[in-house]
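*Asks:* If you're matching them up, the sequences are chains D and F in order.
Take 1 as the starting number for the first sequence in the working numbering and just add one per residue.
Take 1 as the starting number for the second sequence in the working numbering and just add one per residue.
Hints may be right or wrong, so weigh each one.
Said to hold, decoys possible - Listed next, the in silico BS3-like pairs over lysine-lysine satisfying Cα-Cα at most 27 Å (straight line):
no.	chain 1	residue 1	chain 2	residue 2
1	F	K188	D	K78
2	D	K29	D	K11
3	F	K120	F	K188
4	F	K120	D	K78
5	D	K78	F	K57
6	F	K82	F	K99
7	D	K86	F	K57
8	D	K17	D	K29
9	F	K93	F	K57
10	D	K86	F	K39
11	F	K39	D	K78
12	F	K64	D	K78
13	F	K141	F	K120
14	F	K57	F	K170
15	F	K64	F	K192
16	D	K28	D	K11
17	F	K99	F	K141
18	F	K120	F	K82
19	F	K64	F	K93
20	F	K188	F	K141
21	F	K192	F	K239
22	F	K141	D	K78
23	D	K130	D	K160
24	F	K99	F	K170
25	D	K86	F	K82
26	F	K93	F	K141
27	F	K57	F	K39
28	F	K76	F	K39
29	D	K164	D	K130
30	D	K86	F	K192
If you're looking for bench data, these hints aren't it; they were derived computationally from the structure.
None of the values given here were measured: they were computed from a predicted structure.
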Amino acid sequence: MSNDGSAKLSKNLLRMKFMQRGLDADVKKQLEEEEKRIISDEHWYLDLPELKAKESYIIEERSYVPCEDLVYGRMSFKGFNSEVEKLMVLMNAPKEEEDEEEEKDITRMDTDITDEDMAIRYGSLVESMKRRFGKKRERTCLKNDDDDVNRNAVETHPKKAFLKPQD
Amino acid sequence: MDIIHSCFKAQIGEVVLPGDVFRFDVSSVEEDSRVKAEKIICGPGLRRNGDEILVYKSGVLRYKQPNLYWIESQQKRYVPIKGESVIGIVTAKSGDIFKVDVGGSEQASLSYLAFEGATKRNRPNVQVGDLVYSQFIIANKDMEPELVCIDSCGRANGMGVFGADGLLFKVSLGLVRRLLTPQSEIVKDLEKIFPFEMVVGLNGRVWVKAKSVQQTLIVANLLESCENMTAQQRRALFKKVAEGAL
């Protein structure tokens with residue numbers, strides 16, 4: 001492309017994408033600068049003094065609910081509506097301290113299965129497990145022992161052993 | 001922070017009037033570095049105006065730890081406030097929304113999808129004239145208020161249509177707040193009389209239901225009379241009713 005040719009072309013035409021391939025670096029730079037200038041000139045801005053950004057230390061709260069700790073609005077008394085009574089407990093509960101709640105949970109877990117239940121269950125469990133791992137002969141003797149609970153397993157029968165025949 | 005508190009301190013428990021101003025020296029407040037961590041909350045009846053706090057309700061100035069001030073006032077007109085639970089009356093059904101009268105300056109809108117378990121196919125059964133216990137999700141002074149009958153998890157938690165029988169009546173907003181305070185004395189006295197159910201909306205509407213129409217009326221009349229009674233008078237009246245004098 002000769003110098004004469006490029007001079008004839010208008011700047012707007014040269015700014016187009018497909019024209020920029022053939023342009024040399026200087027002209028390209030010039031065009032870009034011009035473009036930037038146009039863009040910044042056309043930007044609007046408000047002619048105002050800068051705002052002093054102050055963080056407000058006053059918060060507005062329009063509701064009475066957090067001020068007076070108002071409770072849930074549905075109520076039922078003496079079991080008139082049991083659903084609402086459950087809801088009352090649920091909705092008014094979170095205001096209590098969390099520690100207390102946790103403590104309550106622990107006690108509830110304890111009382112879920114009483115100690116007696118536990119003892120009975122383990123007592124029978126020990127028995128059945130013992131039966132499972134014992135041998136057939138022991139099982140029969142266990143059955144006989146059922147009457148006295150606290151008795152320790154004492155071998156009533158002498159241990160069977162091979163008796164060597166006498167010559 | 002003490003600077004701000006000190007300008008309130010003298011007035012706590014005193015009567016203040018609309019137009020009263022709480023002013024503090026801003027320059028000294030800014031020097032106080034603790035202010036950035038601590039903020040002051042002005043509750044109902046107080047409004048921020050630049051660097052001062054204006055009173056716009058007449059009543060008694062109250063204070064709650066650590067930094068909450070508000071005006072305890074007596075009024076009957078309800079102004080919708082975001083997050084408050086109210087009793088509304090459905091006045092119109094129009095396509096996707098219900099119009100609900102909550103006693104404010106404008107009727108609130110309630111979407112048919114804002115009920116527990118509601119989908120586009122499964123519409124809630126709401127008729128004109130039904131009572132709904134619901135809470136405000138939008139309440140601006142320049143916009144139509146909007147109600148919902150579900151919480152943020154999508155559960156109803158007792159909100160929605162209620163009140164097949166029972167009686168709805170209006171009391172002052174002050175009495176409603178007295179009923180809703182934790183361990184309210186009025187409620188404690190009332191529940192001794194006989195089993196009943198009550199829904200209290202912060203907009204001043206109260207709905208009660210007991211076993212018979214007569215008992216419902218007794219509860220309603222007792223609640224209404226609580227408006228202007230001292231604690232002694234109330235106890236005397238409730239005792240009479242419990243003995244069956246009414």
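*Asks:* Taking the earlier hints as the rules, which of them does this structure contradict?
*Replies:* Failing hints, ascending: 3, 4, 5, 7, 9, 10, 11, 12, 13, 15, 19, 20, 22, 28, 29.
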